[in-house]
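Single-letter residue listing:
Number of protein chains: 2
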Amino acid sequence: MTSVKQTILTGDRATGPLHLGHYIGSLQQRVELQHTHNQTILVADMQGLTDNGLTPDKVSSNILNVVADYLAVGIDPTLTTICLQSKIPPLAELTMFYSNLVSVSRLERNPTVKSEIQSKQFGRSIPAGFLTYPISQAADITAFRANLVPVGDDQLPMLEQTNEIVRKINRLAGKDILVECKPILSHVPRLPSTDGKNKMSKSMGNAINLGASVKEISQAVKSMYTDPNHLKVEAPGQIEGNVVFTYLDAFCDDKQYVANLKAHYAAGGLGDGVTKKILEECLQEILAPIRHKRESFLADKQELINILRQGTESANQTASEVLDDVKAVYGLNIF
Amino acid sequence: MTSVKQTILTGDRATGPLHLGHYIGSLQQRVELQHTHNQTILVADMQGLTDNGLTPDKVSSNILNVVADYLAVGIDPTLTTICLQSKIPPLAELTMFYSNLVSVSRLERNPTVKSEIQSKQFGRSIPAGFLTYPISQAADITAFRANLVPVGDDQLPMLEQTNEIVRKINRLAGKDILVECKPILSHVPRLPSTDGKNKMSKSMGNAINLGASVKEISQAVKSMYTDPNHLKVEAPGQIEGNVVFTYLDAFCDDKQYVANLKAHYAAGGLGDGVTKKILEECLQEILAPIRHKRESFLADKQELINILRQGTESANQTASEVLDDVKAVYGLNIF
Chain A
8 MTSVKQTILT
18 GDRATGPLHL
28 GHYIGSLQQR
38 VELQHTHNQT
48 ILVADMQGLT
58 DNGLTPDKVS
68 SNILNVVADY
78 LAVGIDPTLT
88 TICLQSKIPP
98 LAELTMFYSN
108 LVSVSRLERN
118 PTVKSEIQSK
128 QFGRSIPAGF
138 LTYPISQAAD
148 ITAFRANLVP
158 VGDDQLPMLE
168 QTNEIVRKIN
178 RLAGKDILVE
188 CKPILSHVPR
198 LPSTDGKNKM
208 SKSMGNAINL
218 GASVKEISQA
228 VKSMYTDPNH
238 LKVEAPGQIE
248 GNVVFTYLDA
258 FCDDKQYVAN
268 LKAHYAAGGL
278 GDGVTKKILE
288 ECLQEILAPI
298 RHKRESFLAD
308 KQELINILRQ
318 GTESANQTAS
328 EVLDDVKAVY
338 GLNIF
Chain B
8 MTSVKQTILT
18 GDRATGPLHL
28 GHYIGSLQQR
38 VELQHTHNQT
48 ILVADMQGLT
58 DNGLTPDKVS
68 SNILNVVADY
78 LAVGIDPTLT
88 TICLQSKIPP
98 LAELTMFYSN
108 LVSVSRLERN
118 PTVKSEIQSK
128 QFGRSIPAGF
138 LTYPISQAAD
148 ITAFRANLVP
158 VGDDQLPMLE
168 QTNEIVRKIN
178 RLAGKDILVE
188 CKPILSHVPR
198 LPSTDGKNKM
208 SKSMGNAINL
218 GASVKEISQA
228 VKSMYTDPNH
238 LKVEAPGQIE
248 GNVVFTYLDA
258 FCDDKQYVAN
268 LKAHYAAGGL
278 GDGVTKKILE
288 ECLQEILAPI
298 RHKRESFLAD
308 KQELINILRQ
318 GTESANQTAS
328 EVLDDVKAVY
338 GLNIF
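Sequence order for the protein chains is A and B. Count along the first sequence starting at 1, add 7, and that's the number in the working numbering. Count along the second sequence starting at 1, add 7, and that's the number in the working numbering.
Note that these hints are calculated values from the structure, not bench results. It is possible that part of the hints are untrue.
The list cannot tell twin chains apart, which means a pair is met if one copy fits it or any two copies do.
[Said to hold, decoys possible] Think about it this way: if two alpha-carbon atoms lie no more than 25 Å apart in a straight line, the pair counts; the simulated DMTMM-like pairs of lysine to aspartate or glutamate are:
#1 K334 - E320
#2 K308 - D260
#3 K65 - E288
#4 K182 - D332
#5 K127 - E115
#6 K65 - D331
#7 K121 - D256
#8 K283 - D331
#9 K175 - E247
#10 K229 - E167
#11 K334 - E115
#12 K262 - D234
#13 K334 - D64
Computed from a predicted model, the values in this text were never measured in an experiment.
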């Protein structure tokens, strides 16, 4: 008996190196899932450009970094297809077909896009490519016949939009040529930034990258947000909102040890310098092998390019088949 | 001494067979220009789908008709590149790049799109692909390095939009990798519909197609709008707004003869039956050879497909080069 593997599409905007938030939120899961699923990871350079149209370096300079990040954490290109969005023309072509099936007002109602537009402060100058990126995502998902997409709660409207398009195309076709997708919802809470204020972001300087040096890790942990009212070691400290403990929960395997530390800190008598030292040791231990692997992958850029090229070739095959199916629905397979 | 030929991009949405309005408005000009210019004609099936997302037959069933129309009027595939938009992936890819450089509000301000949205009565459900089609047109124009685009006055905002994109890309590149375009403005006034009311349109049944049968031509001329107050032959008739005379002006080569007819009609004593008979003879004479050629081309669909395929291959070469140039600007030429 062969079990039919389910198909996952996932990926990252190539707008910066990956960090601990990615590690805990998606990368570890991908390393697991690659053994049991057909998994494609899209390095989403075109999507990265939707809000970097005039700052393309931010995207192009990070493509190979992101691939090195993948390999360093254990994503295996013999198990996972790693591919580059801009080198898969059927994705752009499918986007053009799907664009005629989605109204502008439907896009404007998309809650994810709405909140992103607010947070990016585009004002009246939202790039067309940004408003329409849910259509491009639908192209990405359907082009690989993915039926599973790992997302956070906030991304569910994207999958709804994709499935609306899938149903329209299937209705036009009179049969199911495209696959509806379901979310794989992450059960890991989003990792806070080191300053406890925002989403992690490289440009904010509040994230610990997978390639962070020993010194960068040390500095990041030392400047981490704790309990601002915990002024004396003897005084009781607050655990909630204390980023050091959130990180210890996420990265320290010895849950009992962390529970004891929390009790001690809450009762008083445990200083932030000590908790930070414990967290730093833990992060240094996790990140040292990742950093070394990442460096050795980045030392051979040609090999990184080869891996990306091979994955992209395989991705193009699948995506071309789906495009052909869609073009047949439109009667455009005349040659 | 070799003179450098200028490059023209033109084309038609493949949403219906071409008619006398196309013949007088653009086709005759193209037959002339193909001898002195590099001319590419795009069969714009993807653009046709922007407002036919759920009625794709209207597009796919007309592609080869339109190619047959071109050949029948004398467009020569050895002089003009005739190509199919949906088979040129770089057009979709360039559209994706350009989409990030144009804001939604800029698209909404486009006067051509504004008036088309009104006339098509989309209301709140404008397809995204329709709002963004000026971006796709910019991709079409720039992909062939066209510096000349034949347009009517109402299409000038499209060329403005294209040139804005060209300047943005060239600024990013730090050099002129894309070519700005200029209009070739048509001096031929738009041919009215046979009912004198609207733009010609196949769905309105008020156009005379290039492939119209003898009987269809006869019926169309007989039902043509003239002077509704010209009830008796003896009475003076009005020339202005009289579609029969507008068509005689457009299609009868003997201008003196038409001038005499007009004087006679205005003075009284010339019946509409007579003027219609004269016009019908003239149109039958023009359309008979076009109809025959059109039929013989349509009798060999494989040959039509071959012509379109060859033109499309050549178009893909040019468009791929331009895409490569744009991708280099974005640093995305890593493999």
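Hint by hint, here is what the structure shows:
With identical chains, the CA atoms of K334 and E320 are at most 25 Å apart both within one copy (21 Å) and between copies (18 Å). For a Cα distance limit of 25 Å, the shortest separation of K308 from D260 qualifies neither inside one copy, at 34 Å, nor across copies, at 69 Å. Taking CA atoms no more than 25 Å apart as the test, K65 paired with E288 passes in neither setting, with 31 Å inside one copy and 67 Å between copies. Proximity of K182 and D332 under a CA criterion of 25 Å is satisfied intra-copy only: 11 Å inside one chain copy versus 40 Å between copies.
Within a single copy, K127 and E115 get their C-alpha atoms as close as 15 Å, and across copies as close as 21 Å, so both meet the 25 Å cut-off. For a Cα distance limit of 25 Å, the shortest separation of K65 from D331 across copies, 19 Å, qualifies, whereas the shortest one inside one copy, 33 Å, does not. In the homo-oligomer, the alpha carbons of K121 and D256 never lie at most 25 Å apart, since the shortest distance is 32 Å inside one protomer and 55 Å across protomers. Taking identical chains as interchangeable, the C-alpha atoms of K283 and D331 are never at most 25 Å apart, the minima being 56 Å within one chain and 50 Å between chains.
In this assembly of identical chains, the alpha carbons of K175 and E247 never lie at most 25 Å apart, being 46 Å within a copy and 48 Å across copies at closest. Taking the shortest Cα distances, K229 and E167 never come within 25 Å of each other, neither inside one copy (42 Å) nor across copies (54 Å). In this assembly of identical chains, the alpha carbons of K334 and E115 never lie at most 25 Å apart, being 27 Å within a copy and 29 Å across copies at closest. Within a single copy, K262 and D234 get their C-alpha atoms as close as 21 Å, which meets the 25 Å cut-off; across copies the closest is 93 Å, which misses it.
Within a single copy, K334 and D64 get their C-alpha atoms only as close as 34 Å, which misses the 25 Å cut-off; across copies the closest is 12 Å, which meets it.
Checked against the numbered hints given earlier, this structure breaks hints 2, 3, 7, 8, 9, 10 and 11; the rest are met.
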